[in-house]
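Protein sequence lines correspond, in order, to chains A and B.
Residue 51 in numbering that gives the first Met the number 0 sits at position 52 of the first sequence, and the numbers go up by one each step.
Residue 199 in numbering that gives the first Met the number 0 sits at position 200 of the second sequence, and the numbers go up by one each step.
Hints are not guaranteed to be accurate.
To be verified - Straight-line Cα separation of at most 25 Å, SDA-like style, residue types lysine to any residue; simulated pairs:
no., chain 1, residue 1, chain 2, residue 2
1, B, 150, A, 83
2, B, 184, A, 33
3, B, 8, A, 94
4, B, 19, A, 16
5, B, 184, B, 123
6, B, 19, B, 211
7, B, 150, A, 65
8, B, 184, A, 91
9, B, 19, A, 11
10, B, 19, B, 219
11, A, 60, A, 19
12, B, 8, A, 91
13, B, 2, A, 58
14, B, 19, B, 105
15, B, 184, A, 94
16, B, 8, A, 101
17, B, 8, B, 29
18, B, 220, A, 97
19, B, 8, A, 15
20, B, 184, A, 105
21, B, 19, A, 105
22, B, 184, A, 58
23, B, 184, B, 129
24, B, 2, A, 22
25, B, 2, A, 105
26, B, 184, A, 84
27, B, 184, A, 72
28, B, 184, A, 97
29, B, 19, A, 60
30, B, 150, B, 219
31, B, 19, A, 3
32, B, 150, A, 84
33, B, 19, B, 159
34, B, 8, A, 75
35, A, 60, A, 29
Said to hold, decoys possible - If you only want the chain B side, here are some residues facing chain A, beta carbon under 7 Å, derived:
no., residue
36, 6
37, 10
38, 124
39, 127
40, 150
If you are wondering where the hints come from, they were derived from the structure by calculation, not from laboratory data.
Using N, Cα and C, we set each Cβ at its ideal position, and we do this for glycine too.
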Amino acid sequence: MHEVALANAVGRQVASEMQRHPGRRLVALDLVVGVWSGADPESLEFAIGLVLAESPWPQAKVRTRREPLAMACRGCGGEFEVEDLDLVCPSCGGLDLEAVRGRELRLESLEIE
Amino acid sequence: MAKRIRLEKRVVAESDRLAKELSDRFNRAGVFVANLMSSPGAGKTTLLEETARRLGAELRLAVIEGDLATDRDARRIQAAGIPCRQINTGGGCHLSARQILDALADFDLGGLDVLFIENVGNLVCPAEFDLGEHRRVVVSSTPEGDDKPVKYPIAFHHADCVVLNKIDLLAATNFSLEAFRRYVKGLKPRIPILELSCRTGEGVEQWLVWVRAERRAVAAKVARAAR
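Next comes chain B alone, as it looks inside the complex (with noise of 0.2 Å):
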């Protein structure tokens, strides 16, 4: 006789358990971990070499890479002067949980204070696994267009902060920042948009405000949890 079991699990179940044992490693650690997606060629990786020439005398800072292939991306972050180690995912769409974890070995956590995880690029898969971050941050860039958010919202919707790259090439595009801010905010009315040229340095230091800050917040909530 057939009979019905009811489940009600999420697929990801495990993903999940993996991702709150990152979390808790993190929190104990005192590490801040930012997760940062975006298309390919938004900027992930010259954020990030921007971000280690500017604030790596302040805050010790380290990277974790994610590509389907070669190691190019870290050796640019290694050049630019912090720790960053290269995870290849072969096909893989996403980094998962389950990477971070191995990845952690080559990392000195507690001598850290800032650990950025460069998803690979694709603004669809990353946005459905949980690495245990603080914060996640979509990276988007003018040549793109301004629609990326209502064309991919899921990722903004679950966004803390979303940093506008390019702007120096505005000219060059026919890209609307007055849309592109209401799409954002339609998704996420209080996010932070943070409009900047890697290239040029326009804007960059408000991203480095951002990352002191919320490295700030979490540190406070985290003691307070532990109160």
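Just chain A, same shape as in the assembly (with noise of 0.2 Å):
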């Protein structure tokens, strides 16, 4: 719902890496996007695309990349990645746990020339 102010995040982040790299070019951005960040990729690039369109670089791709959820057991310390919102470790039945990966919207890589 709120992904135009992540977009505008990202555009901030992008600006603020191409300002090392003097006149390079950006071509495409990687973003990972956990199923628990609570951002749309699909919205996200849409919205991602319309703060481009008004950077130096209005060509540049937005690339996304679907992380799914993982969870740590408390009680016997194994990793497992989540299907359906099951939320019971398949090792030991544990209830208590931790998301691990999948919580996060990063900006992974940028490709620039």
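With the hints as a guide, dock the two chains, each given alone in a separate frame, to form the complex.
This is how it looks when you write it as structure tokens:
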């Protein structure tokens, strides 16, 4: 729902990184969108497209990759990927879990030339 | 020639930085901060009105209210006798750390014991934004249905306390307390679930007990860290 705010944050991070590479052109940016990041990849790509359209690199491509949700079990220390929100540790049946991956929205890399 | 630059940067890094700044300010001032989230109409404001009436003489309370529009909630809180600052987010779906920093200009933090942040009524977006709070509270209510925890798991998984409001309406709904408890505990086994009714007052005392206890626990932790 707040993809525009996130897209603006991405735009600021890209602009700040591009300042360190004068004379280069942004070709593409890669984002990792966790299943539990609260962001929708499609809306995000759309919103970032709008931000980039106003930037010096209107042609740059936005690529998103979905990151599955992974939980660590505090009981046995095991880690597992969660499907269908089945929040039970498959090794020990434990319920005390902590999200270790799939929470974040990260700007993974930029492709420049 | 094309070149790849690896960044691995959290997109909300700037927001996280501001949240850390807020957290430091709260700890320096010795004020306990709870961030309340719920869908619209679950009863966050009513819970805070009730808290103001019952705890206002014992602790110095204040509230920051987040809504898309109007100062209706702020006026309700002020009428209950405690200072309140309204933030209107316009179309914004959550309160941001920047908005809280700006709102703090209106408060003497050192003169407060507890600050409640009532987030925008929305169980999705507020869960993504740290406001430097010590505790997160999700308020749910019986007319919303018992399956809210599994439909909005992120908010519940990252909460420290769940308040289930409007238990006086249980008989009028098909809400199953047993199912609700099971869903919440499945997402967070040790979380307290406080079942209460702000309208009849039933169970509200356990919420006050939680606020007092968490405030003491946070104060002790901050004091240890400062040593």
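Tested hints:
no.: 1; hint: B:150 to A:83; result: holds, 11 Å
no.: 2; hint: B:184 to A:33; result: holds, 23 Å
no.: 3; hint: B:8 to A:94; result: violated, 30 Å
no.: 4; hint: B:19 to A:16; result: holds, 23 Å
no.: 5; hint: B:184 to B:123; result: holds, 19 Å
no.: 6; hint: B:19 to B:211; result: holds, 24 Å
no.: 7; hint: B:150 to A:65; result: holds, 20 Å
no.: 8; hint: B:184 to A:91; result: holds, 17 Å
no.: 9; hint: B:19 to A:11; result: holds, 20 Å
no.: 10; hint: B:19 to B:219; result: holds, 19 Å
no.: 11; hint: A:60 to A:19; result: holds, 20 Å
no.: 12; hint: B:8 to A:91; result: violated, 34 Å
no.: 13; hint: B:2 to A:58; result: holds, 17 Å
no.: 14; hint: B:19 to B:105; result: holds, 20 Å
no.: 15; hint: B:184 to A:94; result: holds, 8 Å
no.: 16; hint: B:8 to A:101; result: holds, 14 Å
no.: 17; hint: B:8 to B:29; result: violated, 32 Å
no.: 18; hint: B:220 to A:97; result: holds, 22 Å
no.: 19; hint: B:8 to A:15; result: holds, 12 Å
no.: 20; hint: B:184 to A:105; result: violated, 29 Å
no.: 21; hint: B:19 to A:105; result: holds, 19 Å
no.: 22; hint: B:184 to A:58; result: violated, 48 Å
no.: 23; hint: B:184 to B:129; result: holds, 23 Å
no.: 24; hint: B:2 to A:22; result: holds, 13 Å
no.: 25; hint: B:2 to A:105; result: holds, 19 Å
no.: 26; hint: B:184 to A:84; result: holds, 13 Å
no.: 27; hint: B:184 to A:72; result: holds, 15 Å
no.: 28; hint: B:184 to A:97; result: holds, 13 Å
no.: 29; hint: B:19 to A:60; result: violated, 33 Å
no.: 30; hint: B:150 to B:219; result: violated, 35 Å
no.: 31; hint: B:19 to A:3; result: holds, 23 Å
no.: 32; hint: B:150 to A:84; result: holds, 10 Å
no.: 33; hint: B:19 to B:159; result: holds, 19 Å
no.: 34; hint: B:8 to A:75; result: violated, 30 Å
no.: 35; hint: A:60 to A:29; result: holds, 9 Å
no.: 36; hint: 6; result: holds, 5 Å
no.: 37; hint: 10; result: holds, 5 Å
no.: 38; hint: 124; result: holds, 5 Å
no.: 39; hint: 127; result: holds, 4 Å
no.: 40; hint: 150; result: violated, 10 Å
Going down the numbered hints, you'll see the structure goes against 3, 12, 17, 20, 22, 29, 30, 34 and 40, while the others check out.
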